[in-house]
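Chemist: Full structure from sequences and hints, please.
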Amino acid sequence: MSLNHLFSHFSLKVEAFFFFCCSPRSYHRFSSYMASSLHNTPSAAVNGTSVADAKSRLPKRPRLLADPTPPLFTPSDILSEFSHHDPTVARINNGSFGSCPSSVISAQHDLQLQWLQQPDDFYFNQLQPKILQSRTIIKDLINADHVDEVSIVDNATTAAAIVLQQIAWGFAEGKFKHGDAAVMLHYAYGSVKKSVEAYVTRAGGYVIEVPLPFPVNSADEIIHEFRQALQRGKQNGRRVRLAVIDHVTSMPTVVIPVKELVSICREEGVDQVFVDAAHGIGCVDVDMKQIGADFYTSNLHKWYFCPPSVAFLYCKRSINNSDLHHPVVSHEYGNGLAIESGWIGTRDYSAQLVVPKALEFINRFEGGIDGIKKRNHECVVEMGKMLVEAWGTHLGCPPEMCSSMVMVGLPACLGISSDRDALNLRTCIREKFGVEVPIYYRSPKDGEDGGVTGYARISCQVYNKVEDYHKFSDAVNQLVHNAFTCASLPN
Amino acid sequence: MQHEDPRNGESAHRSSKKPKLSSKFITESDTRDEFSHHQPRVARINNGSFGSCPGSVLTAQRHWQLQFLCQPDAFYFNTLRDGITASRKIIKDLINADHVDEVSLVDNATTAAAIVLQRIGLSFAEGKFQKNDTVLMLHCAFQAVKKSIQAYVTRAGGSVIEVRLPFPVNSEEEIISEFKKSIEEGKSNGRKIRLAIIDHITSMPSVVIPVKELVRICRAEGIEQVFVDAAHAIGSVKVDVKEVGADFYVSNLHKWFFCPPSVAFLYCKNSTSSSDLHHPVVSHEYGNGLPIESSWIGTRDYSSQLVVPSVLDFVNRFEGGIDGIMKRNHDEVVKMGKMLAESWGTNLGTPPEMSAAMIMVGLPSRLCLNSEEDAVTLRSHLRDHYGVEVPIFHQVSKDGEEEVRDKDGFITGYVRISHQVYNKLEDYEKLRDAINQLVEDGKTCKMLYTE
Numbered sequence: 166m167s168l169n170h171l172f173s174h175f176s177l178k179v180e181a182f183f184f185f186c187c188s189p190r191s192y193h194r195f196s197s198y199m200a201s202s203l204h205n206t207p208s209a210a211v212n213g214t215s216v217a218d219a220k221s222r223l224p225k226r227p228r229l230l231a232d233p234t235p236p237l238f239t240p241s242d243i244l245s246e247f248s249h250h251d252p253t254v255a256r257i258n259n260g261s262f263g264s265c266p267s268s269v270i271s272a273q274h275d276l277q278l279q280w281l282q283q284p285d286d287f288y289f290n291q292l293q294p295k296i297l298q299s300r301t302i303i304k305d306l307i308n309a310d311h312v313d314e315v316s317i318v319d320n321a322t323t324a325a326a327i328v329l330q331q332i333a334w335g336f337a338e339g340k341f342k343h344g345d346a347a348v349m350l351h352y353a354y355g356s357v358k359k360s361v362e363a364y365v366t367r368a369g370g371y372v373i374e375v376p377l378p379f380p381v382n383s384a385d386e387i388i389h390e391f392r393q394a395l396q397r398g399k400q401n402g403r404r405v406r407l408a409v410i411d412h413v414t415s416m417p418t419v420v421i422p423v424k425e426l427v428s429i430c431r432e433e434g435v436d437q438v439f440v441d442a443a444h445g446i447g448c449v450d451v452d453m454k455q456i457g458a459d460f461y462t463s464n465l466h467k468w469y470f471c472p473p474s475v476a477f478l479y480c481k482r483s484i485n486n487s488d489l490h491h492p493v494v495s496h497e498y499g500n501g502l503a504i505e506s507g508w509i510g511t512r513d514y515s516a517q518l519v520v521p522k523a524l525e526f527i528n529r530f531e532g533g534i535d536g537i538k539k540r541n542h543e544c545v546v547e548m549g550k551m552l553v554e555a556w557g558t559h560l561g562c563p564p565e566m567c568s569s570m571v572m573v574g575l576p577a578c579l580g581i582s583s584d585r586d587a588l589n590l591r592t593c594i595r596e597k598f599g600v601e602v603p604i605y606y607r608s609p610k611d612g613e614d615g616g617v618t619g620y621a622r623i624s625c626q627v628y629n630k631v632e633d634y635h636k637f638s639d640a641v642n643q644l645v646h647n648a649f650t651c652a653s654l655p656n
Numbered sequence: 002m003q004h005e006d007p008r009n010g011e012s013a014h015r016s017s018k019k020p021k022l023s024s025k026f027i028t029e030s031d032t033r034d035e036f037s038h039h040q041p042r043v044a045r046i047n048n049g050s051f052g053s054c055p056g057s058v059l060t061a062q063r064h065w066q067l068q069f070l071c072q073p074d075a076f077y078f079n080t081l082r083d084g085i086t087a088s089r090k091i092i093k094d095l096i097n098a099d100h101v102d103e104v105s106l107v108d109n110a111t112t113a114a115a116i117v118l119q120r121i122g123l124s125f126a127e128g129k130f131q132k133n134d135t136v137l138m139l140h141c142a143f144q145a146v147k148k149s150i151q152a153y154v155t156r157a158g159g160s161v162i163e164v165r166l167p168f169p170v171n172s173e174e175e176i177i178s179e180f181k182k183s184i185e186e187g188k189s190n191g192r193k194i195r196l197a198i199i200d201h202i203t204s205m206p207s208v209v210i211p212v213k214e215l216v217r218i219c220r221a222e223g224i225e226q227v228f229v230d231a232a233h234a235i236g237s238v239k240v241d242v243k244e245v246g247a248d249f250y251v252s253n254l255h256k257w258f259f260c261p262p263s264v265a266f267l268y269c270k271n272s273t274s275s276s277d278l279h280h281p282v283v284s285h286e287y288g289n290g291l292p293i294e295s296s297w298i299g300t301r302d303y304s305s306q307l308v309v310p311s312v313l314d315f316v317n318r319f320e321g322g323i324d325g326i327m328k329r330n331h332d333e334v335v336k337m338g339k340m341l342a343e344s345w346g347t348n349l350g351t352p353p354e355m356s357a358a359m360i361m362v363g364l365p366s367r368l369c370l371n372s373e374e375d376a377v378t379l380r381s382h383l384r385d386h387y388g389v390e391v392p393i394f395h396q397v398s399k400d401g402e403e404e405v406r407d408k409d410g411f412i413t414g415y416v417r418i419s420h421q422v423y424n425k426l427e428d429y430e431k432l433r434d435a436i437n438q439l440v441e442d443g444k445t446c447k448m449l450y451t452e
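Residue numbers (this note's numbering), protein chains in the order written: chain A, 166 to 656; chain B, 2 to 452.
Calculated directly from the structure, the hints in this document are not laboratory data.
Predicted, not measured: the structure shown is a model, and the values here were computed from it.
Note that the Cβ used here is the ideal one computed from N, Cα and C, for glycine as well.
Please note that the accuracy of each hint is not assured.
What the hints assert, rightly or not - Partner residues aside, some chain B positions facing chain A, computed with beta carbon under 8 Å: (1) A145; (2) K148; (3) N289; (4) R384; (5) H386.
Modeler: Laid out in structure tokens, this is it:
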């Protein structure tokens, strides 16, 4: 079967999904919800038009002859762009694996085809200029000074390995003393914790975890714990060589006041600060100069509509961190991290090359990425409040400390009493109710009894509809009604 | 009605009038169809660099990718791990490994080298190895591997021995002899050789190395571990990891085994020496063994690792399966190599039995290919002006060595031609004619810089 056949086969499937999910009821709810989101945003402005103009804009803007700006997406456009999503699933977990619209996937297919057609020519003439183009766009998006500061890697997990391997060399080569410290949050991502074990603990470093309260009530609580942890880090004449700080923690999800924490690190003489912002770009404001970290990484396939997978690693130019290397060493070794990362052996680099297309997609939303972030945030807070009201529980953090995701307390009677329970409940909700949502187990503190021990992390992205969250609300209500407990689930 | 392609080596006695209900093997036109996405105007005689992937496997890959995009969480929890295990099992059988635990899937040989060498680096850092303990490699090892040695061995205080192999080469004995000499040199200063890295098929210049014999020598000489870099092997030579006997063996599946970019297997002989091997990109699977660590290194597109079953279906449509393909590729590339050498009045870089699906063919000395830059320039010129894609090697003359000549001077450049199932006679004729044209026009490499 030729490649032409397979492309038309793919688009037929897309059509089928589109018609499937466009039932009158869901379309009506979705379109009215998204219509209100798209067109009533108070501070929306696109391409320099005034707020007033943005407010009065009709969904189908008449195109002028020489108008280079593509029209804003309509609700039906958006349905179409995500028609490959399983229509039977309330997909309220954009946080885990992200999402990618079909126009970006299509651009990716084109690039993959170009490689397959004549890989040598692509390698010698196309690949590096296209990677540079993506890096340049990212540099502007994140307010970095120079494109040399921007490397593209697979994901935040890879970026962590790059930064931490450098720390390991510091110990191995005697730059650091045995027992020098690295500080990270207790809620750091599982892979990052393992990476710290593999590269820091193993090399002789001492690791301090910053305990964070959850539920959390204010940024001050976090700042307080962080300061204390740094003090512990500096005890016994230890130097704190690295602080690893999440911008938006994963489970449980909370927006961390990174700017303040970075400042504290500088005050306290921490050598290097690495911000793990896997959920950063497209979800919170990402300004390298404002945040001031030495290293900052974010996945573009989570909230920036790129296909799996692509992330950037920003490295502030300084003699302090000139010795970073990609662990997969190619002939580019020694030419700087950005160049090293641009070729780590034969692979499919197409996900790194569609950043321009993702930007194009984003700019067809009112307010661009800022508009999307704002509406996602408002949506997820609104839906979160709707759920906690329906269940009689609470949110895991105040609205200003959440981004496009929020933790929603689950009814205590569900009896979530372990990580395993949380995972099993998640599976049950997926398989029996068609809702995809990750669940977090929070062990009760001393004296707590019969309180909320489980939280769902709901996400909101442009393809979500009110119906998705109602489906989840109904599912949990059903479980409660049936006197369901996690103890009844098979292990 | 099956079209008999004489190049497939089918014996003459098969009657083309034998009635068939359906075509048992893939036809020539099916094969053309499978590779119809290749740029038609290019004589693509460089399968060795980036490999190739047929349309039916690409379709299978799209299916996997769509499944992930459709519902990634369900895919991650219910599908991905089993899919990777299925691929690993197939590979285990193909390479005659004992246990599927010995087989990890990684992106490419470059990644596998980093895995093995990072562990060597750690051994130096943690005092298990002494300063100046040694790693031995071939002088013509792939550049990425050389840099990986620099990054992980030299930096950690280890020393390196490079084995210079003769080229052109006339027999396996020449290689074995050089290898033995280098080991002696290595051990002469009381240094311990911790690791030998041996290519199964070198890249540039391309030669099939007698790995089994060299591994045996390593064992006899007390070299601790042997890593065979067989990037080109699977699908181009027989791969039997027990027979080869190395501790580590890596091969890319996207080069000669029809997988899409990119996927490779790293075989680690199941023994205590291969524990404590880690993927450098650490995920939550850290500590669960290399195959499991490698199966999840963060969110990525793993689809190229999942299509191995589809690839097996594809190769089994050919007469003799992968063995048949390998034999025909070898016979063809030797035939084409001889045709070119004869037309240009030059030589082959190796005897036929030391080549697999690639062979080095001497370029006419009149082209005056005198540097790496000349080689790059000539290659680009052939691509841009003649629609021929072929890598070119500059042979550096060594003091005291007898050099090969053609009727006009010393042969200092070689093309590395490949043959894969999609290649046709016209591809090589195009190259032949292009070079003859350049020679006829009196062109040297230097003159091509400005064109």
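Chemist: Which hints from the list above does the structure break, by number from lowest to highest?
Modeler: Those not satisfied are hints 3, 5.
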